[in-house]
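Peer 1: With these hints in hand, go ahead and build the complete structure from the sequences.
Heads up, the sequence shown is in the working numbering, so the first residue is 1 and it goes up one at a time.
Source of the hints: derived by calculation from the structure; they are not laboratory data.
Where a beta carbon is used, it is the ideal one built from N, C-alpha and C, also for glycine.
Any given hint could turn out to be false.
What the hints assert, rightly or not - Distance condition first, Cα-Cα at most 25 angstroms in a straight line; then the derived PhoX-like pairs of lysine-lysine:
{"hint": "1", "residue 1": "LYS80", "residue 2": "LYS90"}
{"hint": "2", "residue 1": "LYS129", "residue 2": "LYS85"}
{"hint": "3", "residue 1": "LYS129", "residue 2": "LYS98"}
{"hint": "4", "residue 1": "LYS98", "residue 2": "LYS131"}
{"hint": "5", "residue 1": "LYS80", "residue 2": "LYS137"}
{"hint": "6", "residue 1": "LYS80", "residue 2": "LYS98"}
{"hint": "7", "residue 1": "LYS98", "residue 2": "LYS137"}
Claimed, not checked - Beta-carbon label-pair distances, calculated as ranges:
{"hint": "8", "residue 1": "GLU71", "residue 2": "THR101", "range": "19 to 27 angstroms"}
{"hint": "9", "residue 1": "GLU83", "residue 2": "GLU135", "range": "20 to 28 angstroms"}
{"hint": "10", "residue 1": "ASP121", "residue 2": "THR57", "range": "32 to 40 angstroms"}
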Amino acid sequence: MSHTVRNTRNTRSVRNLRSVRAAACAAVVLGLGLGLAGCSGTADQVDKAVDEVVDETFEVTYEVTGTGVDEIQFHGGGGKAMEPKIETVKSPTLPWRKTVTLRGIMPPAVMPIAVDANGADISCSITHKGKVIKEVKGEGMLTAGGCVAVSPVAG
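Peer 2: Structure, rendered in structure tokens:
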């Protein structure tokens, strides 16, 4: 009989231990879930704060020259500082030039795209207040992904 009592106590101890482990695991999973949700919210808050604090605007002029460009993508000023909206021009006539107003730390960027990279002869540049702040030509432009500069407000 004492053997039966001992087995019953051991069974209860094992069940209690399992319940404690299950509760601990649930708490860890809940904590991770809330932590990740909090990180997402924090990133959005930081992005909003950056947009509000660094709200200075600036103009840049994008220019793409050459041959064989199928489309041009560029930051046109919409979106958030860290997630700019990308605008697209399909089948552009070259030379192509566009002046846009950007805000804060949004990076100026223009990305010419050529389906046939071998037949393309492309260069791009970004100009701010009459000064070229980024220029890339030839094969280097294709491997660099176009012209991307640091915001003049940030640097």
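Peer 1: Honestly, which of those hints from before does the structure not fit?
Peer 2: Hint 5 is the one this structure does not satisfy, whereas the remaining hints hold.
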